[in-house]
Each structure stands twice: as C-alpha cells, then as structure tokens.
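Trainee: Could you build all of it, start to finish, from the sequences and the hints given here?
Chains as they are written, first to last, in my numbering: chain D, 5 to 721; chain U, 5 to 721.
Calculated directly from the structure, the hints in this document are not laboratory data. Quick caveat: nothing in here was measured; it's all calculated off a predicted structure. The beta-carbon is built from N, C-alpha and C at its ideal position, and this holds for glycine as well. Heads up, a few of these hints could be off.
To be verified - Non-contacting residues of chain D with respect to chain U, defined by C-beta distances greater than 12 Å in every case (computed):
#1 Lys40
#2 Glu108
#3 Ala595
Said to hold, decoys possible - To spell it out: a stretch of chain U is covered by chain D in this simulated footprint if at least three of its residues, at any positions, have a beta carbon under 8 Å from a beta carbon of chain D; those stretches are:
#4 177–189
#5 262–270
#6 299–311
#7 455–461
#8 653–663
There are 2 protein chains.
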Amino acid sequence: MFYREYTESIMQQQGFLTPLFNPASIAVVGASSKKKNPGNMILSNLLEAGFKGKIFPIHPEAENILGLAALRNLGAVAALAGGKAPDLAIIAVPAARVAGVLREAAAIRVRAAMVISSGFKETGRAGAELEREITEIARKAGMLLLGPNCLGFINNQAQVNASFSGSPALPGNVGFFSQSDSLSSALINWSQSGNVGLSAFIGLGNKAMLDESDIIAYLTQDKNTRVIAGYLESIEHGNRFMTQAQLTTRQKPVIILRAGSTAAGARAASAHTGAVDGFDMAYEAAFKQTGVIRARYTEELFHLARAFATQPLPQGPGLAVVTNSGGPGIIAADESEKSGLTMARLSEHTIDALKETLPAFASLYNPVGVTNNADEKRITRTVDIVLQDPNTHSVLVLITPPNFTPLEKITESLVAVFKKHPEKPIFCCFMGGGNLVEAERSMFKAGYPCYRFPEPAVEVIAAMYKYGLWKKQPLPVEVGYRREINKAQKIIYAAKNSGEYELGQPQAHDLFHAYEMPMLKTKLARTSDEAVQIAKQLGNGVALKIASPQIKHKTDVGGVVLGLDHPNAIRSAFMEVTAKAKRLRPDAYIAGCYVQAMAPAKSHEMVVGLRRDPRFGAMIFFGFDGINQEVFKDVSCRIAPLSLGDVQAMIREIRAFPILGGMHGQRSINFVALEDILLIMSQVAQDFPEIQEAICSPVLVSDRGAVVSDVRVVLAK
Amino acid sequence: MFYREYTESIMQQQGFLTPLFNPASIAVVGASSKKKNPGNMILSNLLEAGFKGKIFPIHPEAENILGLAALRNLGAVAALAGGKAPDLAIIAVPAARVAGVLREAAAIRVRAAMVISSGFKETGRAGAELEREITEIARKAGMLLLGPNCLGFINNQAQVNASFSGSPALPGNVGFFSQSDSLSSALINWSQSGNVGLSAFIGLGNKAMLDESDIIAYLTQDKNTRVIAGYLESIEHGNRFMTQAQLTTRQKPVIILRAGSTAAGARAASAHTGAVDGFDMAYEAAFKQTGVIRARYTEELFHLARAFATQPLPQGPGLAVVTNSGGPGIIAADESEKSGLTMARLSEHTIDALKETLPAFASLYNPVGVTNNADEKRITRTVDIVLQDPNTHSVLVLITPPNFTPLEKITESLVAVFKKHPEKPIFCCFMGGGNLVEAERSMFKAGYPCYRFPEPAVEVIAAMYKYGLWKKQPLPVEVGYRREINKAQKIIYAAKNSGEYELGQPQAHDLFHAYEMPMLKTKLARTSDEAVQIAKQLGNGVALKIASPQIKHKTDVGGVVLGLDHPNAIRSAFMEVTAKAKRLRPDAYIAGCYVQAMAPAKSHEMVVGLRRDPRFGAMIFFGFDGINQEVFKDVSCRIAPLSLGDVQAMIREIRAFPILGGMHGQRSINFVALEDILLIMSQVAQDFPEIQEAICSPVLVSDRGAVVSDVRVVLAK
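Mentor: Pasting the structure below:
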C-alpha cells in the first residue's frame with residue numbers, strides 16, 4: 005500500500021471527530037431515573053466523570069433526572085440554547101424510535117449522534133433495514149454517527165464518560181476500541197485492576213457509519229494516546245483501513261485482536277453482528293503490510309498494550325535476563341530463541357563487574373543468576389551493571405519467591421535503579437501467588453510491565469523489537485509499470501461484451517503481453533504441418549499443448565507433450581494429442597495445439613496468482629507450484645497495490661525460500677525477474693477491478709530469469 | 005514402547021519409597037535455631053505440618069532446637085531408640101560434610117536420606133566428584149537418596165513438610181515434582197492462591213540417585229494423587245522413563261513442562277544444573293509415545309493440572325459454550341477449531357427448550373448467547389438445558405462483567421446446576437478484573453476450573469479430550485520380526501573388528517537382507533561386461549551406481565545413471581561413470597559399478613532412518629526424501645522399539661501424508677509394506693546397540709509395495 009494523496013484527506017479531517025468525542029454539550033435522549041437502565045447509567049457516568057460542558061437529559065414526562073432539569077425533546081434543547089443544538093446527541097431509546105429522534109437531531113443540526121440502542125443489523129433483516137434508514141438520515145444531514153448497538157465511549161482527557169460501563173476506566177495513554185460490548189466491559193474492568201490506563205475507550209457497535217479506520221485516524225491525532233489497541237471481528241473497508249494503518253503505525257503502535265478467523269469462529273461472528281467474513285488470510289496480509297501488530301490471543305492484547313504504553317522500544321534484539329532462579333531463566337532463554345530475540349552477549353567489562361558483585365557459584369553469563377539467597381542490594385546492583393552493557397537492549401528481571409528478603413524491599417530498590425535507565429525497556433516477572441500480587445501492583449504503579457510467567461514477557465519484548473524495525477522502514481513507494489493500456493482494455497472489454505467470464509488462452513496471453521510480462525513463446529498450430537513450421541521458428545525443442553476453450557485441465561486428457569525436437573515427433577505428437585482429446589472430450593471444440601518454447605533448464609515452477617477479496621480487494625499470492633502449495637500451504641499473500649518491499653517480503657516469507665536462494669550447489673534464481681512478475685500482476689489487479697482471478701502457473705524461474713508458461717484469467721460475474 | 009516384564013519389577017517396588025516419603029521417624033542433620041537457615045526452616049515446617057512421628061534435631065552443640073532436645077549425631081539417635089535408626093535422615097550441612105554424615109547414616113542403617121545442601125554437580129567438576137562419592141555411599145548401603153541440591157518434599161497426606169519452602173502447600177490431589185527449586189517455591193505459592201491442591205510435592209534436585217521415573221512410579225501408586233505434574237530440564241534414563249510413563253498414563257494423567265528445548269535454553273540449563281541436553285525431538289517423541297501431556301508454556305502446566313484434578317474427561321469433542329457476550333464467544337469458537345474440538349451441534353430438543361428460555365434475539369445455536377442483561381436464573385437454566393444434550397461433551401460458561409446481576413448470585417446458582425451434572429466436564433471463564441476475582445475464587449472452592457480468558461480454557465478441554473482417547477488405547481504389543489541373527493551378528497562384528505565404522509555397501513545390504521528387508525536387487529559389476537551380464541539377470545532396465553568406499557555422495561561425481569536398457573548403453577555408461585569418478589576423486593578406490601534393478605514406476609521416494617540419542621536410545625525417523633525433509637522439516641520421529649501403533653502414527657503425522665493416501669487420482673500406497681520397513685528398522689536398532697546411525701534412502705513406495713534402494717550403516721565409535 006502506498007502513501008499517496010491520503011495525507012491530504014487526513015489533514016482535512018483533522019479534528020473531524022471533535023464534536024463526537026470532545027463535545028461542548030451533550031443531550032441524552034432516553035435519559036432515565038430508573039437504575040440499571042442504559043439511559044440512566046450513561047447520564048450518571050457523564051455526571052460522575054465530571055464533564056465540564058452542558059448536559060441535557062431528554063424525557064417525554066420526567067421533570068428532573070439525577071438532579072438535572074429534563075427537556076421534552078431535542079428541539080427544546082435548541083430553543084433553550086438560543087437555537088444552538090448540542091454537539092452530541094446520545095440516543096438510548098428503543099430501536100423503532102431511533103429514526104425519529106435522528107430526524108429531530110438533523111433538523112436542529114446536531115453535529116454528532118451516538119446510538120446506544122440495539123435491535124439493528126445484529127437481529128436480522130428488519131433490523132438491517134432500520135440500520136440502513138438511520139444511516140441515510142445521518143449521512144444526508146452531514147451528522148457523524150457512532151453505533152448503533154454500542155457501549156458508548158470514554159474520553160478521559162475531556163472527562164467524558166459517555167458509556168454505560170459499570171465502572172470508570174483508569175486514565176492513561178492507551179486508546180482502545182472494540183467491536184464487542186462485552187469485551188469492552190471486561191476491558192474497562194481490567195484497566196482498573198491491571199493498571200492499564202486508557203486515554204480513550206470507543207465502542208464501535210455495528211459500525212453503520214464510523215468504523216475502525218475513523219477511530220484509528222482520530223486516535224492517531226489524539227495527543228494523549230500513545231498506543232492504539234482494538235478488538236475486531238471484521239474490517240469494513242479494507243483499503244481505507246490499510247491506508248490509515250500504514251500512516252498510523254509509523255507514529256504509534258496499533259495492536260489488534262481479530263476474532264472469527266476460523267470457520268467455527270466466523271459462524272459464531274455471523275450470528276453475533278451479522279458480519280460474514282471468514283477469509284483470515286486477507287486480514288493477515290493487511291496487518292503485515294501495514295505494520296499492525298496482531299495479538300494472537302486475548303490476554304496478549306493487554307500484555308502488549310501495557311508494554312507499549314510504558315516502555316521505550318528496544319534498540320536491538322539483545323535480551324538480558326537477571327534472575328534469582330534457575331528453571332525460569334532457562335524458560336526465558338528458550339522463549340527468546342523461539343520469538344526471534346537473542347540472549348545478549350555481555351561484554352567482558354560487564355562480566356568483570358558481575359564477578360565482583362556475585363558469589364562464586366553464580367552464573368555470570370546471560371541469564372545472569374544472582375542465586376536464590378540474593379538480597380535487594382545484590383539484585384539491583386546486578387541489574388544496574390547489566391543495563392549499562394551496550395549489548396543489552398532490553399532487560400527482564402525474573403524473581404521467584406525469595407525466602408529471606410521481603411519482596412517489597414526488592415521492588416522498591418529495583419524501581420530506583422530502573423529509573424536510572426529510562427532509555428532501555430525493562431520488564432519484570434514475579435512468579436507465584438500470594439505476596440507477589442502486591443509487588444506486581446507496585447511495579448505497575450511505577451510504570452514497569454510485570455508478568456506472572458516468563459513466556460509472555462519475552463514475547464512482548466520480541467513484538468516491541470519487531471515494531472521498532474518496522475517503524476524505521478520508509479513509507480513504500482509505488483512502482484509504475486509500462487503497459488499498453490488501450491490494448492489491455494480492448495481485450496477485457498471484448499470479453500465482457502461477449503459474456504465470457506474466462507478469457508481464452510490467446511486473449512489471456514495478449515493481455516499479459518500488453519504488460520510486457522515475460523511469457524514463454526506460444527503459437528497456435530491448426531495442423532501438424534503448421535506445428536512443425538512454428539517449432540522451426542521457436543527452435544531448440546518445443547512443447548505441444550492441446551488448444552480447446554472447453555478443456556481447462558490439459559493433462560487430464562493427455563494434452564501436454566514436452567521436449568519435442570524432430571519434425572516427425574512433432575507431427576505424430578500433434579495427431580496423438582488431438583485424437584485423444586477428441587475421443588475423451590467429444591463435447592470440446594479442438595482448435596489444434598499450442599506450440600510452446602521449452603522451459604529454461606533447471607528452473608523452478610512457481611505460481612503467481614491474483615484473487616479478489618470482497619473487503620480488501622486484490623490479493624496477490626506467491627508460492628511453489630504443485631505439492632508444496634497443496635500440502636504445506638506454503639503460500640505468501642499480500643494485498644495490491646504491492647510495493648517493492650512487499651514483493652521482496654512475499655518471496656522471502658515462503659518456507660521453501662532457501663531453495664530459491666540456491667541449495668546443493670545450485671545457483672540462486674534471478675530475484676529481480678521474479679519481483680517484476682509479481683509487480684506486474686499487482687499492476688494488472690489495479691488496472692482492472694473486473695478481474696476476479698488471474699493465475700500464472702507455472703512461472704519458470706532460474707538463475708537466468710523468470711518466464712510465465714500458462715495464464716488463466718477469470719472476470720467477475 | 006512395550007509393556008513387557010516391567011510390571012513385575014514395579015510390583016516388587018511397591019512401597020519402596022515409603023521410608024522416604026512416609027517415614028516413621030526423621031532426623032534433621034544441620035537443624036538450627038537460626039531463622040532463615042534451611043535447617044531451621046525444615047524443622048519448623050515439619051513441626052508446623054503436624055508430623056506424627058519422632059523428629060530428632062542433630063546439632064554439634066545446641067541442647068534444644070525449637071523445643072526439641074537436640075542430639076549430637078545420628079549414632080546418638082540410634083542409641084536413644086534402642087539401636088533403631090530413623091527412617092529418614094534430612095541432611096542440611098555444608099557440602100563438604102555431607103559424605104561424612106551419609107557414612108554415619110549408612111553405619112546405623114538409615115533407610116532413606118535427603119540431601120538439601122547445594123555445592124555439588126551444579127557448581128562444576130569438584131562438586132560433581134563429591135556428588136559421585138555420596139551417591140556411591142548410598143548405593144553401597146542400599147539407602148535411598150533424594151537430592152542433593154533440592155528444596156525437599158511435602159507429603160500432605162502423611163503431614164510431612166520436609167521442605168524449606170516459605171509457605172505450606174494447600175492439600176489436594178495433584179502430585180508435583182520439579183527439577184528447579186525456584187519454580188517449586190513459586191508453585192507452592194500458587195497452590196495457595198490458585199487453589200491447586202497438592203497431594204505431594206517433590207523437589208528432584210540433582211537427581212544423583214532417585215529421578216523422575218522413581219517419583220512417577222511412587223505417585224502412580226499414591227492413592228491421594230489423581231494427577232501427576234512436573235517440571236523437567238532433562239530426563240536421566242530415557243528407557244526407564246518411557247516404560248514407567250507408558251504404564252502410568254493408562255491410570256493417571258502425567259503433565260510435564262520441559263525447559264531447555266532450544267539451543268539458548270539448553271545453554272542456560274547447562275549453566276544451571278550441569279545437564280547437557282539439547283535434542284528436544286527425542287523428548288517430543290518420548291512424550292507422544294507414552295501419552296505424557298506436554299505443557300507448552302509455564303502457565304499451561306497449572307491450567308492443565310487444575311482441570312485434570314477436578315473434572316471428568318470429556319467423552320467426545322463436542323464443546324458447548326454458554327455466554328452472556330458476543331466477542332468472547334467467537335474467540336472460544338475460533339479456539340475450539342484450532343485445538344481440535346468441535347462446537348457441539350445442539351439437538352432440536354435442546355433448541356426448542358432454549359427458545360422457551362431465551363429472549364427472541366438471543367443466539368440459540370452454539371455459542372449459546374443468553375444476552376448481556378441475563379440474570380442468574382436465565383443463565384443457569386440455559387446451562388442446565390445445554391448440559392442435558394447428548395451432543396454436549398463439555399461446557400464452557402463464559403461470563404463478562406454483567407451490569408445488572410451481582411456476580412455472586414450467578415456463581416452460586418451456577419455451582420448448584422453444575423453439581424447436577426457430575427459426569428460432564430464443566431469450565432468457567434470470567435473476564436475482567438475487580439469483583440471477578442472473588443467469583444473465580446468461589447468457583448475454585450466449589451471445584452470448577454475458572455479462567456480469565458477463553459483461549460486457555462478451550463485448550464485445556466482439548467487436552468483432556470485427547471488424553472481420554474489415549475487412555476482408551478490398549479497397551480502396545482511387540483511385533484517380532486524373523487531374522488537370521490547369526491548372519492547379522494557376523495557382519496556387525498566383522499566391521500567392528502576391522503575398525504571400520506561405516507559398513508561397506510555390500511555389507512550393509514547383506515545386513516538388511518538378514519532381516520528380510522525388501523531391497524532393490526543390486527550386484528557389483530567389476531567390468532562393463534559383468535554389468536551387461538547382471539543387467540540381463542535383473543531384466544527390465546537397470547541403474548548403474550559408482551562403487552567406491554570413499555565416495556559417499558555418488559551424484560556429486562556423476563556416479564549415478566538411471567534407466568539403462570541396451571547392452572551398449574550399459575557398457576558405455578559403465579566406462580563413463582568409472583572414468584569420471586577416477587578423474588574427480590583420484591584418492592578413491594573404484595571397485596566398479598553397482599548394477600541395480602530400476603525403481604517401480606510412480607513410486608514416492610521416502611527416507612527411513614535410525615539415529616541414537618544418548619538418553620533415549622534409538623530414534624527412528626520417517627519422511628519424504630529430499631526437499632520436504634530439508635526445507636519443511638517434515639519428519640516424524642519415535643523411539644525404538646516401535647509398536648505397530650507407533651509406526652502408523654509416524655506415517656500419518658507427516659504433513660505430506662495426503663500424498664501417500666493418493667492425490668489427483670493416484671492410488672494409495674501399500675501402507676503395510678511401508679510399516680514393515682519401519683518395524684524392521686526398529687528391530688535392527690534393538691538387536692544392535694552398536695549401530696549409531698542407519699539410513700534407508702530412498703525407500704521407494706507405491707501402490708504395489710515398498711522397497712529400499714540404498715542403505716548406509718554407521719557404527720558407534
């Protein structure tokens with residue numbers, strides 16, 4: 005994905021969500037004195053959070069709600085304020101009445117509406133129709149719309165708690181959004197007990213108008229948000245999301261947990277919000293291409309958010325572990341290798357200093373063992389020494405129950421030493437229950453992430469290191485490809501007009517010729533004499549392939565013969581192939597045989613494909629042809645348009661990559677030639693949204709170059 | 005691995021660890037009045053736990069320690085008790101003095117000793133020598149020895165806390181052992197806060213005499229232990245461990261966390277206990293073959309232990325999720341698919357009953373959504389209905405913060421309904437912090453596992469389901485293979501006597517012929533005329549392969565020519581191959597060419613190998629030959645002796661297995677023939693411990709059979 009003109013549109017948007025998230029005045033339609041009612045909870049949350057602006061409860065009869073004078077309708081608010089509408093209308097009335105309220109809001113020019121009410125798309129067809137209706141009202145009025153079916157939002161900086169969450173969120177610097185209300189409530193609870201402070205919390209609800217891309221754009225601009233984290237089941241507009249994420253991740257980390265990635269999960273998600281979306285490969289590709297960090301399990305979302313919120317990024321892969329224990333140190337070392345970090349190689353200077361500090365039997369090498377009778381002085385001195393080593397890029401302090409030194413003493417002095425090294429990321433792991441909970445809490449308060457097991461701590465450090473590498477990468481640049489676009493258009497339009505959805509082989513070849521795609525020379529021979537003739541022009545041996553629009557899988561009818569050299573051999577192969585095809589497929593029109601130049605020697609057979617995803621657009625696939633792809637699913641995938649960086653990553657990502665680099669004395673392939681083929685495919689995908697699927701298979705790559713043998717192009721119906 | 009005679013030896017051992025873990029009297033050598041001293045902590049732990057037998061503190065000067073009269077030495081104990089020695093001597097004196105104390109203990113016939121003291125193998129060479137010395141003393145005296153360098157043990161049933169742990173362990177039914185002291189302390193702490201009750205805790209220390217196999221044997225017999233769980237860095241005697249684990253897992257689950265599985269971890273482990281052990285593949289195979297459940301991360305060890313300790317095994321894969329929330333239900337569904345469970349398909353009867361219970365918009369299908377305003381009655385009624393469905397094999401109740409019903413009410417009524425269904429495993433997940441901690445605790449107390457995130461809950465259920473399947477499998481039966489053992493012995497002994505470590509090709513072929521291994525017919529031709537002669541005998545085309553003891557990789561010198569039919573072709577190939585080999589490898593002795601029958605058509609090239617691991621003995625490998633093995637590491641591995649079940653599992657475990665089953669209209673291979681080759685390899689491994697490595701490559705398998713083309717056999721030096 006590319007930077008493009010999107011920056012401009014972002015700049016126009018600067019502050020476009022202010023009326024929603026930072027309103028000067030709020031009306032609550034459906035406010036209520038009844039406890040346990042959303043309209044009551046939101047109003048009381050607004051009051052409790054200390055919102056500084058005006059709040060107008062709207063109720064058809066009540067005089068006074070929670071100490072505020074109630075008004076009859078939105079019109080009354082405007083009348084009271086000299087014609088000025090409230091910035092934000094929160095709507096918590098039954099679904100059937102929402103459209104009416106929104107029309108009222110539109111009439112007095114309310115700038116933003118949030119619909120809490122459920123009973124829309126998530127309930128089925130009638131609800132979906134209702135949702136379409138309210139969205140249209142908002143769109144026509146130029147009114148922002150959050151929800152429906154959402155928990156609300158919290159903006160801690162502006163002291164707005166416009167949610168019906170049972171507890172307030174701890175203030176902090178993580179901006180959270182969520183497509184699930186229940187996960188949101190859990191999250192807000194956690195923010196309290198786990199000391200993960202939030203700058204903002206935003207429930208997305210059904211995303212009728214505003215979606216994750218808007219919220220990410222908003223949180224990117226929000227100065228109080230250092231980390232963006234979210235839970236999603238689906239992404240509404242793949243392209244917008246990617247363009248936004250590409251920009252945001254260069255400034256702040258974006259961490260996303262996506263559920264519904266399996267068939268079972270997708271079925272459950274579809275029952276939940278009516279979203280049908282099972283193609284996880286597109287999500288995976290989108291996250292990779294935009295530097296979004298994907299949490300693999302729920303707890304990791306919180307682990308990651310807490311770490312990014314408090315610690316600087318590691319400047320290298322070197323992890324130093326200081327521990328009073330053996331086993332857990334080994335576990336941490338195992339995990340560092342598994343997750344792509346390295347155990348820092350401590351300098352001689354450091355080892356000498358450790359020798360002076362630690363007893364004779366202590367392990368001086370990383371993991372550094374302070375032995376289990378270490379007191380707080382020995383532990384902190386060791387940590388201090390290790391942190392000074394230039395090879396130490398991050399530190400994990402791993403403590404198991406000490407029998408002799410009270411843990412409070414240890415944590416207190418650790419924090420003092422940590423503060424001396426603000427430039428390096430520092431993590432703790434206190435293992436065991438009981439008094440460790442207190443120690444954990446005091447570490448959280450001091451701003452250091454603390455874990456109960458070594459593995460998640462190390463995984464989090466690895467994720468931060470990888471994000472650091474991503475952040476340094478320049479924004480990708482679009483590569484233009486020369487092409488005869490008129491010629492290509494003619495081919496596509498002709499096919500569309502003819503009502504044929506699959507291009508004939510000559511047309512498909514011509515299309516790619518228009519893109520200067522390197523293709524194996526191929527010509528149609530209608531007679532065996534013509535075949536001999538063509539073979540003479542091509543030289544050096546040819547292949548014959550049956551030519552029939554009805555026969556898709558040529559080998560199934562014995563329709564491919566390779567390595568033909570002699571005119572007689574060509575002639576008899578032609579007769580045999582066409583005769584067999586006629587016999588096996590009496591239905592098929594046999595046009596003759598394609599005569600094709602033979603593949604270069606010692607080439608690998610690859611596949612390069614294009615398939616269109618309904619949300620993300622054209623996905624480009626790459627892998628070895630045949631069994632590797634089928635059995636090992638060894639395929640890489642990115643979403644078009646591809647940058648050169650994307651293409652290079654795709655090629656290196658397949659597990660069979662070492663084969664391409666040259667094994668057993670074979671030469672490395674010509675990577676530039678292969679990259680070009682992928683980039684051309686991306687160009688084709690962009691030029692023709694009509695193309696639903698295109699497959700180059702096999703693509704023959706060798707040390708000398710890359711060339712496409714066969715192509716197949718299918719248009720969207 | 006097989007059942008064999010081991011049962012008998014186990015029966016003899018019945019109760020052999022009683023003097024250690026259930027002693028009538030205990031002497032504590034190195035008892036002390038000084039707080040924070042291990043000798044003091046152990047004595048006070050013994051007293052606090054309420055040990056009913058006699059305790060004798062031993063100290064050179066003190067009169068009285070913690071209220072008990074101190075004795076001068078072990079001899080004095082025997083004198084006092086009329087010549088009767090204490091059952092157990094706990095030794096907590098400096099390392100240098102341990103041998104002396106053990107000699108005293110041996111002299112008065114103490115039956116068991118536990119050495120707490122550190123300063124042995126873990127400190128280096130001198131310590132290792134000291135450890136060897138004390139082990140010899142114990143062995144000669146027939147005295148059991150636990151440790152040295154260990155935290156001690158706790159036997160909750162017998163009220164023995166012979167450890168210097170800072171806190172006592174909660175009583176329960178999990179038997180835990182650990183090779184790491186620090187992890188042990190953490191664990192004992194956890195048992196308190198996490199309500200994972202322990203029947204016993206045993207620190208293994210350096211495992212000078214007693215090791216994990218003994219402890220597993222003991223815990224298998226222990227009636228109070230329902231689940232065996234442990235932390236290991238290494239296994240001392242692979243074969244003993246496997247024989248024991250094979251028996252135990254048919255009765256009780258054994259859950260093991262093994263650290264040191266990566267190179268970095270192994271380095272750290274080596275610094276920790278002096279154990280050098282990096283070959284994780286052998287561990288993985290041993291666990292698979294014996295039904296040991298491997299915890300993949302530290303927390304999982306506890307998750308699994310708690311679940312197995314309290315819940316029955318699921319009788320099928322069908323998981324039903326009841327939840328008041330959308331998102332987390334989807335996450336659970338995702339995880340069930342990933343971990344090999346299925347979302348239970350609820351019966352029509354159940355759906356009808358749910359319709360009556362749940363509001364109109366609730367999701368009736370699994371995950372069953374009770375909607376977020378559900379009170380305790382609706383939740384419990386739903387759980388009750390779902391539990392009655394025969395398709396429900398396990399249930400996960402997933403609750404996120406409810407705004408309206410106090411959680412205590414929900415947990416209370418849930419427990420009541422759970423108790424009605426003791427035959428099905430039931431799990432809870434309460435998400436969020438705050439008041440959920442209390443709810444979690446009351447679930448623990450009621451005996452239901454409770455998690456904070458859906459993923460670990462589902463993973464645990466999947467592990468229990470898989471263990472249930474394992475438990476039902478009959479013990480494997482040994483398959484005897486006919487062989488001319490004398491002929492085989494002659495070949496091996498001749499090679500050993502000659503000082504050649506790699507068998508020549510004729511010898512290797514003869515060895516496998518003695519096992520009736522199907523081999524491609526191969527004969528040595530010393531001249532081109534002989535080659536033609538042999539080819540005539542073999543018929544139907546042959547291959548020529550250079551014959552030279554010095555040339556290991558024949559293709560590197562162009563030493564392999566396939567598909568030779570005509571006498572002239574054979575003759576000229578012979579000349580060419582030998583000439584080229586002479587030119588490229590002037591150092592090599594060229595004996596001529598092997599003439600080999602051609603491989604059957606359409607066969608797959610596989611590899612079957614044997615490699616000896618220092619701890620586990622012969623490992624048998626299986627996979628596709630070539631790139632799949634090299635790039636995808638698609639190899640399965642088991643430890644010999646193999647049962648038929650092992651072999652079948654090995655073949656099905658490789659990812660490329662579908663190819664063997666027949667893809668794209670190809671026929672399935674002859675599996676019986678392939679199984680035989682693996683079983684013969686296992687037989688060879690058992691017969692000749694001298695063989696360090698043996699590789700059959702390629703093994704040609706097709707629908708008609710399997711045959712070995714080339715073999716390589718290397719003896720141990």
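Trainee: Identify every previously stated hint that the structure contradicts and give their numbers, smallest first.
Mentor: Hint check: 1 fails alone, others pass.
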